[in-house]
Every structure is written in C-alpha cells, then in structure tokens.
Amino acid sequence: MRIFVFFDLPNVTADETRKYSKFMRLILKEGYIREQYSIYSKLVINSKTADDEKIYINKICPSNGLVQILIITEKQYASIEYVAGKKQTKFIQSIDKIIYL
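Residue numbers (my numbering): 183 to 283.
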C-alpha cells in the first residue's frame, strides 16, 4: 500500500513558515518521499500501518492550510500513466528500506 500526503500550507508570515518547515522535516524524517511539489508518499506494509500514519499526520499537521491523505494499493500505484515528463528512477523504495541509485 502507498499513503500519499497532499498539502497546501500558508507560508506568508514567519510563524507559518516555521510551521511549514517543521511539518516538512517531520514527514521526511518519517520516510516520505517527494512525488511532486507538496505531494509526498510512503510505502506501508498493511492497513494497520496506514492507519498509524494517518494518526501521525493528523497529529503533526498545522491547523491552517489544507492537508489531505490518500491510500492506494501497489497495483494501483504501478498503473500510474505518465502523460508528460519521465518516471523518477533515482530510487527504489521497498518495505525494508529505500535504495538510492
């Protein structure tokens, strides 16, 4: 399964910038990878792990702005069609670890 986090956070005041930066640091520390700007994903083992991730994201997300979560299967993720641009080949992500090429 893959869990996606989509977000659009305000970044105008110093306080908003601080909250945005903290949120970014925490999701990266948790093992999320950048799919696109403000779209991050993480490979999870099962629905229990996905539920734990949802609880974690709800806990750390700033109160202002928009944060959304989407969970899909690996089969659905594998069926992504690239209309423009190229598939990222900088890393392979597995349940055990991320391997950087």
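Honestly, the hints are just simulated from the structure, not real lab data. Hints are not guaranteed to be accurate.
Claimed, not checked - Ranges of calculated distance between the beta carbons of each label pair, as one might list FRET restraints:
no., residue 1, residue 2, range
1, ASP197, GLN258, 15 to 25 Å
2, GLU212, ILE262, 31 to 41 Å
3, ASP190, SER229, 35 to 45 Å
4, THR195, SER229, 19 to 29 Å
5, ILE253, MET206, 31 to 41 Å
6, ILE253, TYR219, 19 to 29 Å
7, ALA196, LYS257, 42 to 52 Å
8, ALA260, GLU198, 13 to 23 Å
9, ILE215, ALA266, 13 to 23 Å
10, GLY213, GLN250, 39 to 49 Å
11, MET206, LEU252, 11 to 21 Å
12, GLU263, THR199, 15 to 25 Å
13, ASN240, PRO192, 28 to 38 Å
As the list claims (entries may be wrong) - In the EDC-like style, the derived pairs of lysine to aspartate or glutamate whose C-alpha atoms are separated by at most 20 Å in a straight line are:
no., residue 1, residue 2
14, LYS257, GLU217
15, LYS269, ASP233
16, LYS241, ASP197
17, LYS224, ASP190
18, LYS230, GLU212
19, LYS236, ASP197
20, LYS201, ASP233
21, LYS241, GLU263
22, LYS236, GLU256
23, LYS230, GLU217
24, LYS241, GLU256
25, LYS224, GLU198
26, LYS269, GLU256
27, LYS201, ASP190
28, LYS230, GLU256
29, LYS211, ASP233
30, LYS204, ASP190
The beta carbon of each residue, even a glycine, is placed where N, CA and C say it ideally should be.
With 13 to 23 Å as the target window, see if ALA260 and GLU198 comply at their CB atoms. Since the Cβ atoms of ALA260 and GLU198 sit about 37 Å apart, the hinted range of 13 to 23 Å is violated.
CA of LYS224 to CA of GLU198, is that 20 Å or under? Violated, at about 25 Å.
Holds or violated: the 35 to 45 Å window for the beta-carbon distance between ASP190 and SER229? About 26 Å separates the Cβ atoms of ASP190 and SER229, which means 35 to 45 Å is violated.
Hint consistency between LYS224 and ASP190 [alpha-carbon to alpha-carbon, up to 20 Å]: holds (18 Å)
Given the hinted pair LYS241 and GLU263, is their alpha-carbon gap at most 20 Å? violated (33 Å)
LYS211 and ASP233 were given as a pair; does the straight-line alpha-carbon distance stay at or below 20 Å? holds (18 Å)
Is it true that the C-beta distance of MET206 to LEU252 lies inside 11 to 21 Å, as the hint says? For MET206 and LEU252 the Cβ distance comes to about 19 Å; the hint holds.
MET206 and ILE253 - C-beta distance against the hinted 31 to 41 Å: 21 Å Cβ-Cβ, so the 31 to 41 Å window is violated.
Between LYS230 and GLU256, does the CA-CA distance stay at or below 20 Å? holds (16 Å)
Holds or violated: are the alpha carbons of LYS269 and GLU256 at most 20 Å from each other? Given that 20 Å is the threshold and the Cα spacing comes to 16 Å, the pair holds.
Hint check: LYS204 vs ASP190, CA-CA at most 20 Å. Holds or violated? OK: LYS204 and ASP190 at ~14 Å, within 20 Å.
Given hint ASP233 paired with LYS269 - CA-CA distance at most 20 Å: violated (28 Å)
Going through the hint list in order, the structure does not satisfy hints 1, 2, 3, 4, 5, 8, 10, 12, 13, 15, 19, 20, 21, 23, 24, 25.
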